[in-house]
Amino acid sequence: MNLQRREFFAILSVCAANAPSLFAMPDFAGYQPQALTQAEYHLLDALAETLLPADETGPGAHSAHVAYYLDVVLKHSSTAKAQLWKNGLAGVEALAQKRFERSFATCSEPEREEVMAELAKLESAPQNELDHFFVEFKRTAIDAFYASILIQREHLGYQGNTAAMEFPGCTHADFEHPGI
Amino acid sequence: MQRTIYDVCVVGSGPGGGISSYVLANAGLKVALVESGRWLKPGADFGGHSPIYEKLDERLAAQRSPLLSVTDFSDHNHFTPVGDRPGHGLLRAVGGRSLCWAGHSLRFGPLDFKSWPISYDTVAPYYAKAERLMCVYGNKDGLWNMPDGEFQKGVPMRCGEHALKKGVQRLKAEGRRMEFVPLRKAMPTEFHDGQRAKCHYCGHCMNGCEVDAKYTSANTPIPLGLKTGNLTVLSGSMMTRILTDESKRRVRAIEFVDERGSTAQLECRALVLACSTVETARHLLINGLANSSGQVGRNLTSHFGLSVSAFFPQLRNRDASNDDGTDYYHGLLSGLYWDEPSKNFAGTYQVQCGSGLHPNNPRIQYPVGFGRALKRELKEKAICSANMNMQGALLSSPKKFVDLDSERKDRYGLPLPRVHLHYEENDVAMAKDMVATSEEIIHAAHGEVLSKPKEVTADALQIDYNHWVGTVRMGNDAKTSVLNADGQAHDIVNLFVGDSSVFTAYPEKNPTLTNIALAWRMSERLAEKAKRGELG
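Keeping their order, the protein sequence lines are chains P and S.
Under this note's numbering, the first residue of the first sequence is numbered 28, with each subsequent residue one higher.
Under this note's numbering, the first residue of the second sequence is numbered 2, with each subsequent residue one higher.
None of these hints come from the bench; they were simulated from the model.
Computed from a prediction, not measured in an experiment: that's the story for all the values here.
Heads up, some of the hints might be wrong.
Some chain S residues judged to face chain P by a derived CB distance under 10 Å, without partners named [to be verified]: (1) 371; (2) 458; (3) 461.
Below, a list of computed lysine-lysine pairs in the DSS-like style, where the Cα atoms sit at most 25 Å apart [what the hints assert, rightly or not]: (4) S:130 <-> S:228; (5) S:344 <-> S:115; (6) S:455 <-> S:130; (7) P:148 <-> S:382; (8) P:108 <-> S:56; (9) S:130 <-> S:480; (10) S:249 <-> S:532; (11) S:42 <-> S:228; (12) S:173 <-> S:31; (13) S:400 <-> P:148; (14) P:148 <-> S:453; (15) S:480 <-> S:532; (16) S:400 <-> S:115; (17) S:154 <-> S:115; (18) P:102 <-> S:56.
Computed spacing ranges between beta-carbons, pair by pair [as the list claims (entries may be wrong)]: (19) P:124 <-> S:425: 55 to 63 Å; (20) P:56 <-> S:412: 43 to 51 Å; (21) S:423 <-> P:82: 19 to 27 Å; (22) P:114 <-> S:341: 57 to 65 Å.
For each residue, glycine too, the CB sits at the ideal point set by N, CA and C.
Hey, can you work out the whole structure from these sequences and the hints?
Here it is, written out as structure tokens:
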């Protein structure tokens, strides 16, 4: 086969393989949590959305299926880690009940933010189990958020992971010879 | 047992073994390439284009990283670490570690060969041959100790790298000696008449190139060797013994276990070991060969480093739609301490610089806070940051070496290697210098330091486990070196080494291009000696 034709087909196959509709993504809607209970899963989903909410810059953690990612990670984690998270979620729920006498999931957005402000108070120097849970939850949720194609494209504006004939490099006007 | 005779047996199919097989087969010799791993299929066995969510459950269940990567085939438990967190990137597959390298291809310069038994001028023609075959891209930068090569069209830098370059230019204007240049890598940027597709700038190079554009032993020299009709590849075959004549001064065969578990002997007129710096030393130690100097396993060194990251507010409004390019690092801080050595440490370092968003790995930070403010900050940091990754040459000393573990054995009953790494004052002093220099550059570029090590101690240093060199070094004196200047053992006339274990000394530059150039030269010497009947 002519080399240029071969290259053309190689690049074409990458483009085809990267059409989002062709990815065999999990069935997020029908997903049954495997590490957490249904109630814990809904709480985690609400907690992730409070951490990384939908706003004018793009979708939030709920649309990115961050809770799915976290449940799968916990499923393959040690029992001690899964227990830390379960205890942490129970701690969040207790905090919401104490402040607003209702579950975190049914709290209003400002109420959820108030609970999260309490959770985040010691994130730079965590002291107790709940603090440690929050630090770990936040880090893993951020990883999960940016692993989502939806977030990469609609929040970050990233259009890569595709086949390009050339790489333009920097096109910012501040640089005298941006193409170098 | 089966009995087969070859002119040369090459063990290991990584960067050095791959090129040796091709050069020797092309010279008309009958070559057997013995590789413990199997052939991998790009796009099926590895391929970074798949989204992380797609196979998250399946991959975590298999105790793999979320991303489908060729490094899944690495064997991380193969060695026993001793001291300061050494690592060993043994990748069992046809092509070895050439499958997961980033392609950085920098010539060593005249200064770097100062203590070697060969000079830059001796190696230069082999660099040129290697660059042509590998399709190395780059710019003509005119740096005296990182000479230009035979390049394909260079790949531009991103905005973050340009910002750092501005900082370097400002410091140079004040008299500082340093350079900032675009990186050079082994990926075709132009249509060519070789084996591989043109790079499509997806940025997944180190996960394994899905369309095989990046140079690997498996996609270029081994197929070329097979085309000659002189090369036989024995994949899934592990060498278990080196057999010599009674004098132990001539190899006559190797014993290996094939993929079905059968043991066989492979007789050869010459043996090339290209198993990796750690593994080649291990096999020589196990077999008690080529070690009259006592230097096998000694003089181990690698690259080490740490990172400093920068934030450039001036990049807030840049176009960040596609920063992929050719993996993360597009810029290189180089030329440090070439002209005038540091007063605080021996050797030098370079700094690989990258920036921007990256598929499945946007290099995010973890700022404090939550909600909309956190989201805004995360986005801004991802778009406006740059990372400076130090690559320093570890001081070679008696504290760093490879030997055999008397307790742990592999599935063939062979002792596993121990890798001894102990950072020394010189290493820490070099790292401190890197942090200080990086901060100066960032400030000169009107940026802010986003992250740096809290304290530069041995605990903060990270070893590059793919860059080990020097356990079987070349030298003119048989009392202080294992190999002569041709990569031939002083003690055994028909034993040659084709991996990076041959390095006499180590500069800051990446090892693979030099490994390939030296293996090419060694193979030509071997073929000439074989034709002249000088291999016993």
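Now for the hints, and whether the structure bears them out:
1. 371: With a closest approach of 5 Å, the residue 371 (chain S) hint holds.
2. 458: At about 21 Å, which exceeds the 10 Å cut-off, the nearest Cβ of chain P leaves the hint on residue 458 (chain S) violated.
3. 461: Since chain P brings no Cβ nearer than about 19 Å to residue 461 (chain S), farther than 10 Å, the hint is violated.
4. S:130 <-> S:228: holds, 19 Å
5. S:344 <-> S:115: holds, 19 Å
6. S:455 <-> S:130: violated, 45 Å
7. P:148 <-> S:382: At roughly 22 Å apart (the allowed maximum being 25 Å), residue 382 (chain S) and residue 148 (chain P) satisfy the hint.
8. P:108 <-> S:56: holds, 22 Å
9. S:130 <-> S:480: Roughly 33 Å separates the two Cα atoms, so the pair is violated.
10. S:249 <-> S:532: holds, 23 Å
11. S:42 <-> S:228: holds, 19 Å
12. S:173 <-> S:31: violated, 54 Å
13. S:400 <-> P:148: It is violated: about 45 Å lies between the C-alpha atoms, which goes past 25 Å.
14. P:148 <-> S:453: It holds: about 24 Å lies between the C-alpha atoms, which stays within 25 Å.
15. S:480 <-> S:532: violated, 28 Å
16. S:400 <-> S:115: The given pair, whose Cα atoms are some 23 Å apart, holds under the 25 Å limit.
17. S:154 <-> S:115: violated, 31 Å
18. P:102 <-> S:56: Holds - the C-alpha atoms of residue 56 (chain S) and residue 102 (chain P) are around 14 Å apart, at most 25 Å.
19. P:124 <-> S:425: 55 to 63 Å: Given range 55 to 63 Å: holds, Cβ gap about 56 Å.
20. P:56 <-> S:412: 43 to 51 Å: For residue 412 (chain S) against residue 56 (chain P), whose Cβ atoms are near 45 Å apart, the range 43 to 51 Å holds.
21. S:423 <-> P:82: 19 to 27 Å: Given a distance of about 50 Å, which is not inside 19 to 27 Å, the answer is violated.
22. P:114 <-> S:341: 57 to 65 Å: holds, 58 Å
In this structure, the hints that do not hold are numbers 2, 3, 6, 9, 12, 13, 15, 17 and 21, in rising order.
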